[in-house]
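Peer 1: In case you want the letters, here they are:
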Amino acid sequence: MKIYKYIGLLIVFTILAVSCQKRDKRWLVISKIKSTAKLATTETTIDKVVIGNKQRKAFGLVKVSNSDFVAYTEATVLTGIDLTKLKKEDIKIKRNIIEVNLPQVEVLDFQYPFEKFEIDRHLSNNKFLSKVDVIDMEGFYREAESDIRKYLPYMGITEQTEENTRKMIEGLLKNLGYKEIYISFKNDSTKSLIPKINWNKYLNNHD
Amino acid sequence: MINLFSKGASFLLQVIFVVAAVLVFTWFDPFDFLAPTKTTLKDTPIQVESIKEIGKLITAEYYGEVIASLDEVIEKELQVVTINFKDTIDYINDHFKDAIQELQKVEKFEKKQNPYQYFYLENINLISTELFEVYLKFVFDELSPYHTYKFNDFDDALTGSQKEKLFRKLYKNKWKITNITDTKLRVLTAIFDKIETKKSYKEYKKSKLVLIGRGWIKAGFNFENFNDRNFRYNKDNKKVYFIGLKPEILSKTMNPWFIPEEGVEGFEFIIAEKGGLHNPEYTKKVKRRCLEKLEAQALEKQILKKAKKNAENGLKTFFEILLNEELKAVAFHSNYLNYMQDALISDTIKNNDLFAIDSSLVFYYKTYMPLSSKSDSVKFKKDTIKYVKEITNLTDFMDSLTTRNIEIFEKPYPIDSRTSLFFEIIEDFKIDTFDYQKIKDISQLTLLDTIWYMKPYLKINTDTLQGLIKGDSIQFFRNLENFIQNRDPEHDFNDPVMQQIRDLKKDELAAKLKEIFEGN
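Heads up: the sequence lines are chains D and Z, in that order.
Position one of the first sequence corresponds to residue 1 (this note's numbering), numbered consecutively onward.
Position one of the second sequence corresponds to residue 208 (this note's numbering), numbered consecutively onward.
Each hint should be verified, as a subset may be incorrect.
[Stated by the list, open to error] Under the rule of at most 27 Å between Cα atoms (straight-line distance), these lysine-lysine pairs were calculated in the DSSO-like manner:
hint, chain 1, residue 1, chain 2, residue 2
1, Z, K446, D, K87
2, Z, K283, Z, K405
3, Z, K259, Z, K318
4, D, K88, Z, K318
5, D, K87, Z, K516
6, Z, K415, Z, K245
7, Z, K523, Z, K453
8, Z, K245, Z, K491
9, Z, K492, D, K85
10, Z, K259, Z, K245
11, Z, K459, D, K116
12, D, K179, Z, K446
13, D, K150, Z, K249
14, D, K92, Z, K442
15, D, K94, Z, K512
16, Z, K513, D, K94
17, Z, K319, Z, K357
18, D, K34, Z, K535
19, D, K116, Z, K249
20, D, K32, Z, K512
21, Z, K293, Z, K304
22, Z, K523, D, K174
23, Z, K492, Z, K413
24, Z, K259, D, K174
25, Z, K491, Z, K249
26, Z, K491, D, K85
27, Z, K459, D, K85
28, D, K87, D, K5
29, D, K186, D, K94
30, Z, K304, D, K167
31, D, K57, Z, K481
32, Z, K405, Z, K391
33, D, K88, Z, K523
34, Z, K481, D, K63
35, Z, K523, D, K34
36, D, K88, Z, K481
37, Z, K513, D, K32
38, Z, K415, D, K131
39, Z, K283, Z, K391
Calculated directly from the structure, the hints in this document are not laboratory data.
Given the sequences, and given the hints that come with them, work out the whole structure.
Peer 2: Here is the structure:
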């Protein structure tokens, strides 16, 4: 009888412990329209295979169950220049000759659309006690997104974007009547390809 | 013996109980000692699939968050399916009634042919429409004095002999197809709705999923097909014009991360139970709904209007820097007509502008006119709505012309379909044989006359227009054009019939026009 008492207490304790979970931090986005003038001249498509694993071990030693998750994903990155960062001092005009020092190339939009996530049902497997649910999948996608963002500066996007932007601005300047056009780009090694945004205007957090 | 058995059974029960308790504890593992589920992402390569040149100007960005649930998605899916069903049934009903009227006009059938066989041969398109057999069963049950359409009849089809009976009775007018009213058809739609609701309840089986989605909508202009013809810089009036560009949504995004640096998730699972927790297809549907709602929010906040305004302001500063001079404005015009209204009409109209005006009127009228030639009601309705929107541009332009005059011999003359011809005749201060021929031809209506005549009717609202689109009336605008072109006003643009039509109010106009066409 004593053993039933102890097991009963253990179950009650478990239920209480599970129900007293720490509440997650909650964010509230303040909806706003922001004015910008960003010229995107390059679109880069990036593929990433997401391979995730979920394991359950008893007492941290014995593997009880193991499930795999495989999905094919695609990200699209738009790069170009922020026209509002162009200042008067960046331009030199002499009759019909113009020299322009354009702002540094940056990521203008990063899209990792859920519509392009394709789960490979042949390679994925779900085992009892370690079933990969949609919350786990979302966790995998978040990690994959962080991974892609981390390696963006090393994909050669900057150079291609500068070339495309140069071509577009040259065409525009010719239409404005300039005959000799010289274009260069600012290059600040302290600034990253993904610009830092002040999100405070858009966020309120609730604990 | 019994004691031994009961002791053994008791021990077995205790073992089972302890093992079950350990498994339950392992499952919940509140203290993390059993190292519960651990998820790891494997390192996989990131491949650049393509880098392509584009031209997009982003001038407005909307950041927001929305909440959506699986129940909402199911309800919306049901609504769409029911509306499509209703539209298809209405379409079949309209065409069936017209086809029966045609059948009743047949005096004699071929040898061994009955009305049912005749009908099926003559109306192949109608009978191959999805839901035609469902509709036929409904008509039979409703018109027959011995049957009533019931819920379980939905999946049944008529037998061959029942179809023969139906068409025989309809041909002889013993059963009246006019008894199938709109109210009766709503019963069929209600039954369909009930069946679909039952199906979806079975499919989704109490699955629950509620998500918060956070993302952004970016709007601006797409310069991909941009060339010299889309850009004008007027040094005299210090204005830059972009022609043929409309503000559009360039991207709508909800990523797994909203702000990775701050740890703000793009999608937050509020409730996920049963199928909602394990079926990624349900998650996709709810995420899609989140994105639709975010886009709707952005459109409600007039993101497109703001994108245009921001572009005009932002690019003004940009061009002032590039040109090193002050500009009056940068203007975006969706088409050449709007540009002409702004650039040409705001200034004095010169003689050679008349030719540009006439050519533009003819060009836009012709390109706006085509509607889908097939009587597919859903596509035709969409085409009609698009047509009405586009033609509004043309009528607005023509309205602005009628407020302007052109000066001829220092006298103002209003602009209409004959202004450029008139000017052509008198500009050399004499009337010769060629001019005389042109004057003789004035009694013949031209396309420009049609355009000017049609101006007051072109702004018929979509509801009135759709009310006229039934059966053969699909050719509504073509009939209208022919009607006007076939009239012979003898150079009298104040034709009494046309004057009467102009004076009518819109709903009376629609009825009057229907009377005229059906009378013809």
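Peer 1: None of the hints should be skipped; say for each whether it holds.
Peer 2: Structure-based check of all given hints:
{"no.": "1", "hint": "Z:K446 <-> D:K87", "verdict": "holds, 21 Å"}
{"no.": "2", "hint": "Z:K283 <-> Z:K405", "verdict": "holds, 15 Å"}
{"no.": "3", "hint": "Z:K259 <-> Z:K318", "verdict": "violated, 67 Å"}
{"no.": "4", "hint": "D:K88 <-> Z:K318", "verdict": "violated, 90 Å"}
{"no.": "5", "hint": "D:K87 <-> Z:K516", "verdict": "holds, 21 Å"}
{"no.": "6", "hint": "Z:K415 <-> Z:K245", "verdict": "holds, 25 Å"}
{"no.": "7", "hint": "Z:K523 <-> Z:K453", "verdict": "holds, 17 Å"}
{"no.": "8", "hint": "Z:K245 <-> Z:K491", "verdict": "holds, 24 Å"}
{"no.": "9", "hint": "Z:K492 <-> D:K85", "verdict": "violated, 40 Å"}
{"no.": "10", "hint": "Z:K259 <-> Z:K245", "verdict": "violated, 39 Å"}
{"no.": "11", "hint": "Z:K459 <-> D:K116", "verdict": "holds, 14 Å"}
{"no.": "12", "hint": "D:K179 <-> Z:K446", "verdict": "holds, 21 Å"}
{"no.": "13", "hint": "D:K150 <-> Z:K249", "verdict": "holds, 15 Å"}
{"no.": "14", "hint": "D:K92 <-> Z:K442", "verdict": "holds, 20 Å"}
{"no.": "15", "hint": "D:K94 <-> Z:K512", "verdict": "violated, 37 Å"}
{"no.": "16", "hint": "Z:K513 <-> D:K94", "verdict": "violated, 35 Å"}
{"no.": "17", "hint": "Z:K319 <-> Z:K357", "verdict": "violated, 34 Å"}
{"no.": "18", "hint": "D:K34 <-> Z:K535", "verdict": "holds, 24 Å"}
{"no.": "19", "hint": "D:K116 <-> Z:K249", "verdict": "holds, 20 Å"}
{"no.": "20", "hint": "D:K32 <-> Z:K512", "verdict": "holds, 14 Å"}
{"no.": "21", "hint": "Z:K293 <-> Z:K304", "verdict": "holds, 16 Å"}
{"no.": "22", "hint": "Z:K523 <-> D:K174", "verdict": "holds, 18 Å"}
{"no.": "23", "hint": "Z:K492 <-> Z:K413", "verdict": "holds, 16 Å"}
{"no.": "24", "hint": "Z:K259 <-> D:K174", "verdict": "holds, 23 Å"}
{"no.": "25", "hint": "Z:K491 <-> Z:K249", "verdict": "holds, 23 Å"}
{"no.": "26", "hint": "Z:K491 <-> D:K85", "verdict": "violated, 38 Å"}
{"no.": "27", "hint": "Z:K459 <-> D:K85", "verdict": "holds, 24 Å"}
{"no.": "28", "hint": "D:K87 <-> D:K5", "verdict": "violated, 78 Å"}
{"no.": "29", "hint": "D:K186 <-> D:K94", "verdict": "holds, 21 Å"}
{"no.": "30", "hint": "Z:K304 <-> D:K167", "verdict": "violated, 62 Å"}
{"no.": "31", "hint": "D:K57 <-> Z:K481", "verdict": "holds, 24 Å"}
{"no.": "32", "hint": "Z:K405 <-> Z:K391", "verdict": "holds, 22 Å"}
{"no.": "33", "hint": "D:K88 <-> Z:K523", "verdict": "holds, 13 Å"}
{"no.": "34", "hint": "Z:K481 <-> D:K63", "verdict": "holds, 26 Å"}
{"no.": "35", "hint": "Z:K523 <-> D:K34", "verdict": "holds, 18 Å"}
{"no.": "36", "hint": "D:K88 <-> Z:K481", "verdict": "violated, 61 Å"}
{"no.": "37", "hint": "Z:K513 <-> D:K32", "verdict": "holds, 12 Å"}
{"no.": "38", "hint": "Z:K415 <-> D:K131", "verdict": "holds, 18 Å"}
{"no.": "39", "hint": "Z:K283 <-> Z:K391", "verdict": "holds, 24 Å"}
In summary, the structure is inconsistent with hints 3, 4, 9, 10, 15, 16, 17, 26, 28, 30, 36 from the numbered list given earlier, while agreeing with the others.
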